[in-house]
Amino acid sequence: MCPGGKKMNLPQVVQYCFAGITVGSIYAIVAIGFNIIYNTTGIINFAQGEFLIVGAMTAISLNHFVPLPVAILLAVVITTLLGGLIELVFIRRAQNASVLHLIVITIGISILMREAMLHIWDEKVRSLPYFTGTGVSTITIFGAHISPQVLWVLGVSAVIVMGLTPFFRFTLTGRAMRACADDRMAARLCGINDKWMVTLSFMLSAGIGALAGCVISPVTQTQYDMGAPLAIKGFTVAILGGLGNSMAAVVAGLLLGLVETFVMSQFDVAYKEAVSIVILLLILVFRPSGLFGKHEITAMRAV
Amino acid sequence: MRKQLVKVTGILVLAIVIAISGIVKAADEPTIKVGAIFAVTGGASNLGAPEAKTAEMLVEKINKEGGVKGHKVELIVKDSGSKPENAISLAKQLIEEDKVLAIIGPSTSGETMAIKNICQEGNTILLSCAAAEDIVNPVASYVFKTPQKDSDAVRRIFQVMKAKGITKIGVITSNDGFGIAGGKQLAKLADLAGITIAISEAYDKQETDLTGILTKVKGKDVNAVVNWSIVPAQSMVAKNMKQIGLDVPLFQSHGYGNIKYVQQGGEAANGTIFPCGRLLIAELLPDSNPQKALLMGYKKDYESRYKEDASTFGGHAYDAILILVEGVKKADSIDRDKVRDAIENLKGLVGTAGIFNFSSSDHNGLGMDAFEIFTVKDGKFAIYK
Amino acid sequence: MTQFRRYIPVIAVIAAVVVLQVVLSATHATYYMTQITMSAYYALVVIGLCLLMGYAGQVSLGHAGFFAIGGYTTAVLTTLNLLPYRDTPLVKLCSSLGLIFQRQDIYGADILSFSPWVAFVAALLLAVIIAFLIGLPVIRLKGHYLAMATLGFGLIIYRIVLGGSIFGQADGISNIPPFMILDGLQVNGRVPYRVMNYYIAWSVVAAAMVLAINLVGSRIGRALRSIHENEEAAHSLGVDTYRYKLFIFVLSALFAAVGGVLLTHYNGSIGPSEVTVMKSVRYLVIVAVGGMANLWGALFMGIILNFLSLRGVFGSYDDAVFAIILIVIMLFAPQGLLRMPRLPALWHGLQAREDTAKPVPSEVEGMAVPQKQSGGSNG
Chain A
413 MCPGGKKMNL PQVVQYCFAG ITVGSIYAIV AIGFNIIYNT TGIINFAQGE FLIVGAMTAI
473 SLNHFVPLPV AILLAVVITT LLGGLIELVF IRRAQNASVL HLIVITIGIS ILMREAMLHI
533 WDEKVRSLPY FTGTGVSTIT IFGAHISPQV LWVLGVSAVI VMGLTPFFRF TLTGRAMRAC
593 ADDRMAARLC GINDKWMVTL SFMLSAGIGA LAGCVISPVT QTQYDMGAPL AIKGFTVAIL
653 GGLGNSMAAV VAGLLLGLVE TFVMSQFDVA YKEAVSIVIL LLILVFRPSG LFGKHEITAM
713 RAV
Chain B
59 MRKQLVKVTG ILVLAIVIAI SGIVKAADEP TIKVGAIFAV TGGASNLGAP EAKTAEMLVE
119 KINKEGGVKG HKVELIVKDS GSKPENAISL AKQLIEEDKV LAIIGPSTSG ETMAIKNICQ
179 EGNTILLSCA AAEDIVNPVA SYVFKTPQKD SDAVRRIFQV MKAKGITKIG VITSNDGFGI
239 AGGKQLAKLA DLAGITIAIS EAYDKQETDL TGILTKVKGK DVNAVVNWSI VPAQSMVAKN
299 MKQIGLDVPL FQSHGYGNIK YVQQGGEAAN GTIFPCGRLL IAELLPDSNP QKALLMGYKK
359 DYESRYKEDA STFGGHAYDA ILILVEGVKK ADSIDRDKVR DAIENLKGLV GTAGIFNFSS
419 SDHNGLGMDA FEIFTVKDGK FAIYK
Chain C
4 MTQFRRYIPV IAVIAAVVVL QVVLSATHAT YYMTQITMSA YYALVVIGLC LLMGYAGQVS
64 LGHAGFFAIG GYTTAVLTTL NLLPYRDTPL VKLCSSLGLI FQRQDIYGAD ILSFSPWVAF
124 VAALLLAVII AFLIGLPVIR LKGHYLAMAT LGFGLIIYRI VLGGSIFGQA DGISNIPPFM
184 ILDGLQVNGR VPYRVMNYYI AWSVVAAAMV LAINLVGSRI GRALRSIHEN EEAAHSLGVD
244 TYRYKLFIFV LSALFAAVGG VLLTHYNGSI GPSEVTVMKS VRYLVIVAVG GMANLWGALF
304 MGIILNFLSL RGVFGSYDDA VFAIILIVIM LFAPQGLLRM PRLPALWHGL QAREDTAKPV
364 PSEVEGMAVP QKQSGGSNG
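Chains as they are written, first to last, in the working numbering: chain A, 413 to 715; chain B, 59 to 443; chain C, 4 to 382.
Treat the hints loosely; a few may be bogus.
No farther apart than 25 angstroms at their CA atoms in a straight line, the calculated lysine-lysine pairs in the BS3-like style are these [said to hold, decoys possible]:
1) B/K318 to A/K536
2) B/K127 to B/K91
3) B/K111 to A/K536
4) B/K358 to A/K536
5) B/K130 to B/K357
Here are a few chain A residues that sit away from chain B, every Cβ distance over 10 angstroms (derived from the structure) [unchecked claim]:
6) I490
7) A528
8) T544
9) I553
10) G567
11) A591
Simulated coverage check for chain C against chain B, where a stretch passes if three residues somewhere in it have a Cβ under 8 angstroms from a Cβ of chain B [what the hints assert, rightly or not]:
12) 37-46
13) 237-249
14) 309-321
Keep in mind the hints are simulated off the structure, nothing from the lab.
Even glycine gets a Cβ: it sits at the ideal position worked out from N, Cα and C.
Can you make the complete structure from the sequences, with help from the hints?
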């Protein structure tokens with residue numbers, strides 16, 4: 413296929429931007445969830461994607477009985493509890509295991525959750541209704557259109573980040589959680605109940621994941637096996653921004669979305685998927701602390 | 059004396075019991091063993107799950123009504139997980155260990171091509187539920203397929219386009235077997251139909267949003283868009299098109315055959331045009347239509363048993379079993395070769411996907427008339443006029 | 004004489020293999036050989052991964068990628084029809100060198116393709132080169148960064164074979180001809196060749212095991228173990244850790260590629276399903292269950308789990324079974340099932356985890372250090 417038509421007019425460029433922002437916002441909101449657990453334990457939770465899907469599926473099922481906002485709220489609560497349960501059952505036991513060990517366990521948890529969802533909800537695709545408007549409502553800017561739901565995704569992401577950043581920086585609990593990641597033993601010596609901090613981090617990640625899943629559901633639709641692809645994009649973006657930094661994750665997410673979309677506009681759409689993987693590999697090799705991270709990251713070089 | 063009497067009586071009783079059970083056993087008709095390989099889990103579970111459910115439901119029904127010529131049908135369903143290497147192992151098991159008469163499925167073209175030679179060499183009938191034309195072209199004597207031809211679906215779509223004066227189209231497909239195959243047929247047949255394909259792209263099956271790719275299509279000033287995929291993208295396309303203001307007719311493939319996709323698409327789905335088997339609007343068919351009774355029966359049974367909408371995919375498994383059963387009846391035997399010959403000569407067999415007419419050169423048996431052109435009106439399927 | 008002793012298990016396994024074959028043939032149950040042969044080829048990947056994870060302490064979440072490189076290379080080369088190009092000088096040259104030959108494909112049409120031997124060598128070369136190039140930057144990474152990089156590698160290979168039309172895209176490549184090793188000896192999945200292929204597969208596995216055992220007992224093996232126990236100490240003693248790890252990475256890729264080539268010819272087809280993340284995770288689960296640094300455990304578990312999985316014993320719960328096994332092993336027996344500490348010691352270990360006087364193992368790499376885990380005693 414010859415390279416896509418040269419972007420000739422403003423509406424088209426803006427439209428591509430909006431498309432990039434749409435997917436980018438999805439990546440961003442998934443990435444935020446990774447950072448909470450990472451900030452507390454140093455673990456990258458591969459099951460984060462599944463939290464999104466569980467949240468969305470639960471909300472969709474509940475929506476048959478209660479109005480949408482209630483359904484979402486209940487779904488978030490249920491998923492939060494689920495996150496805590498998972499931590500108690502699986503992670504807590506593996507106390508002195510290495511971080512890598514725990515990451516592998518989260519891979520196992522991710523697969524189990526996916527299979528459980530298949531058997532509870534079956535393989536069909538579902539989605540939540542649009543929060544405002546319908547599937548065809550759009551907002552027009554500069555001749556290009558964007559769905560209001562995307563603004564919801566961005567809005568919710570912004571609210572979460574605005575809540576998390578001061579939480580981790582200024583509140584006692586937030587700082588206690590960060591202390592655990594830095595040095596567990598020292599944190600414990602300071603009287604921090606590190607075990608519960610870890611549980612709390614999982615609960616928080618799960619709840620935020622559920623909320624994210626609900627807000628992206630009208631756009632992406634929800635199917636039992638969407639967790640893993642979302643998670644892969646999510647942690648690519650989290651690493652790209654710099655692990656642990658939620659604001660950077662949002663920026664990185666939007667950036668990746670835009671890059672992917674522009675690559676796709678000029679070349680074969682098939683290359684779009686390769687973009688994120690190549691970026692991941694490049695970042696890992698050349699700048700694992702991410703675009704906005706500090707350089708004191710656990711030493712990259714193996715002696 | 060008494061002891062000996064007891065012993066002899068005991069032995070006699072035992073002998074009689076054995077003899078009776080022997081007679082009873084001999085009176086038992088051998089069962090017809092049918093194997094099935096479906097992608098019940100994995101990437102193609104949208105296809106395999108309804109296929110497995112349909113197959114089980116139909117076999118139960120057949121057995122309840124007395125089986126086929128007195129033989130009960132034993133269905134052995136295996137889950138390939140959408141993996142060809144598993145399909146290979148399972149096919150060999152079914153052929154050599156279970157010694158099945160035929161294998162129904164698999165659900166995807168990749169899996170079918172992987173086991174095509176195995177079944178052919180194992181002299182086992184294969185009734186595939188996958189769509190690729192390669193499956194029956196070149197023809198292998200034991201291998202058949204039940205879904206309609208992609209090329210026929212494409213021809214019907216082009217017919218409608220010509221009538222509407224559409225000349226320039228944009229094609230987007232998913233990157234799975236179904237989508238790629240459809241894309242190829244569209245490219246192959248476009249020139250003949252006088253249609254220009256201005257752009258043809260394949261997106262990832264699990265794409266989260268299609269506005270980007272549709273923007274690219276919009277930039278080509280097309281008169282219509284063709285989307286060839288199965289879920290979840292099918293529902294997304296309509297919405298995304300309306301969202302970016304791409305107000306041209308949307309054509310979907312025959313994979314659009316489930317009302318759920320329309321529901322997901324909401325009001326954007328209205329006006330979509332697509333070819334499909336008649337299962338979807340069975341109730342709108344005139345009573346004189348030869349398929350109506352079968353379709354209504356299948357729909358009712360499936361929906362009441364599984365509490366979900368029937369889809370055309372499940373229908374492919376239904377047709378496969380139907381064909382096999384008719385083959386056995388016609389051959390009056392459960393010998394593999396005799397049944398195979400019988401199947402090859404079946405004509406006018408009414409199935410869910412259409413009316414089958416097999417021959418030694420046509421192991422699919424369906425033509426363009428297997429399709430009806432549908433559209434979506436007010437959130438429901440309607441026949442396109 | 005100690006040299007010889009370590010090969011005793013190899014001889015024992017070979018003997019068991021022969022006995023099994025005799026039994027299966029006698030009871031007319033040779034069909035089991037299908038799944039056993041397939042599992043044996045998958046086991047090659049596992050053996051290589053065991054060396055990488057258990058001895059060199061590197062995790063790889065993308066090893067299925069090397070399997071795919073091997074399999075797809077041979078698939079493409081042996082099915083590519085060069086007939087339309089038969090008059091170009093390059094094709095003529097290859098033909099005269101005996102690299103290409105004319106044959107009939109399954110449907111009787113003429114086809115001019117590369118000989119499987121050429122494809123085999125090409126596949127291995129490609130795997131080695133790619134492993135080397137990937138390994139160069141990636142081996143330096145630690146812990147989860149290494150895991151993600153290997154995951155990324157697996158994903159790239161997946162995307163390439165899924166997207167490239169030369170690779171058959173989603174349907175993969177089928178109608179792959181058998182691999183003619185010598186006159187009369189061929190890798191072929193068809194029934195008449197079943198017993199032959201059973202032995203071919205096991206011969207390759209035996210060779211791989213001998214190679215691996217040799218390696219572990221050699222200077223390189225000792226160097227690896229020292230790296231695994233304490234990398235900084237090893238480095239300070241002059242061990243070139245980087246070079247050894249890279250070597251093992253490339254070697255494990257080679258093993259995987261060989262498995263890929265042979266299984267592809269055995270099955271007669273290959274598809275993108277061989278290179279998904281789930282496949283890579285399966286290999287990892289098998290190595291973890293068998294015991295990170297336990298070659299025999301890995302082989303044994305590889306055969307058993309794949310055998311059961313291929314026969315559909317786990318039904319629709321296949322992935323879930325592997326996930327559960329992974330979690331259970333990671334939580335309760337990180338050294339693997341065959342090295343599980345005795346039960347009371349295990350319980351003790353779970354409780355005593357926090358207050359131990361033993362040094363905490365270097366956590367930045369590898370998942371379990373053989374013989375040195377804080378907590379309970381173990382074998």
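Against the structure, the hints:
no.: 1; hint: B/K318 to A/K536; in the structure: holds (9 angstroms)
no.: 2; hint: B/K127 to B/K91; in the structure: holds (14 angstroms)
no.: 3; hint: B/K111 to A/K536; in the structure: holds (14 angstroms)
no.: 4; hint: B/K358 to A/K536; in the structure: holds (20 angstroms)
no.: 5; hint: B/K130 to B/K357; in the structure: holds (24 angstroms)
no.: 6; hint: I490; in the structure: holds (24 angstroms)
no.: 7; hint: A528; in the structure: holds (13 angstroms)
no.: 8; hint: T544; in the structure: holds (14 angstroms)
no.: 9; hint: I553; in the structure: holds (12 angstroms)
no.: 10; hint: G567; in the structure: holds (17 angstroms)
no.: 11; hint: A591; in the structure: holds (36 angstroms)
no.: 12; hint: 37-46; in the structure: holds (count 3)
no.: 13; hint: 237-249; in the structure: violated (count 0)
no.: 14; hint: 309-321; in the structure: holds (count 7)
Hint violations for this structure: number 13 only, all remaining hints satisfied.
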